[in-house]
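Heads up: the sequence shown begins at 1 in the working numbering, then just goes up one per residue.
Be careful, since some hints might not be right.
[To be verified] What follows is a set of in silico ranges between Cβ atoms, one per label pair, in the way DEER data are often shown: (1) 6 <-> 81: 38 to 44 Å; (2) 5 <-> 38: 46 to 52 Å; (3) 87 <-> 33: 28 to 34 Å; (4) 34 <-> 84: 23 to 29 Å; (5) 68 <-> 5: 42 to 48 Å; (6) 33 <-> 55: 23 to 29 Å; (7) 46 <-> 6: 36 to 42 Å.
Hints are computed from structural coordinates only; laboratory data are not their basis. Since the structure is predicted, the reported quantities are computational estimates derived from the model, not experimental observations. In this text, a Cβ means the ideal position worked out from N, Cα and C, and glycines have one as well.
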Amino acid sequence: MSRRTWVVLAAVALVVTACAAGPNVVSSVQGVPVAGFWRGVWHGLIYPVTFLISLFTDNVNIYEVHNNGNWYDFGFVAGIGLLHTVLGHGRRMSPKRRKASAAS
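Using the sequences and the hints given, assemble the complete structure.
Now the structure itself:
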């Protein structure tokens, strides 16, 4: 394989391993309430901001690891969906696309 291929593979491996989850330190703390559905919705709504902050600090995570399971996950995805629905509502369809969808 060429040198360029090795560099690309190394870069991909570095990016993939950088996204690996860290240890769940918060779950060992007693007395900390677990995040539920509504906190999941909130975290889903603010995920773009928390993502940008998490790139530069170790104290902020996008996803609350100390949660109650499926209901938090559902709230998180619902928050993301709600955010994208609200932000995407103002988009207009291009005339070319509108014509294509009207023809079908």
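Return holds or violated for the Cβ distance of residue 5 and residue 38 against the range 46 to 52 Å.
-> Given a distance of about 48 Å, which is inside 46 to 52 Å, the answer is holds.
Is 23 to 29 Å a correct range for the gap between the Cβ atoms of residue 33 and residue 55? holds, 27 Å
Check the following: the C-beta atoms of residue 34 and residue 84 are separated by a distance inside 23 to 29 Å. Since the Cβ atoms of residue 34 and residue 84 sit about 26 Å apart, the hinted range of 23 to 29 Å holds.
_Outcome for the supplied range 42 to 48 Å, where the beta carbon pair is residue 68 and residue 5_ = holds, 45 Å
- Query: Given a hinted range of 28 to 34 Å, is it respected by the beta-carbon distance of residue 87 and residue 33?
  - Reply: Holds, at about 30 Å.
Discussion item. Against the range 36 to 42 Å, how does the distance between the Cβ atoms of residue 46 and residue 6 compare: consistent or not?
Written reply: holds, 39 Å
- Message: I want to verify a distance hint. Is the separation of the beta carbons of residue 6 and residue 81 within 38 to 44 Å?
- Response: With a Cβ separation near 40 Å, residue 6 and residue 81 satisfy 38 to 44 Å, so the hint holds.
When each numbered hint is compared with the structure, no violation occurs for any of them.
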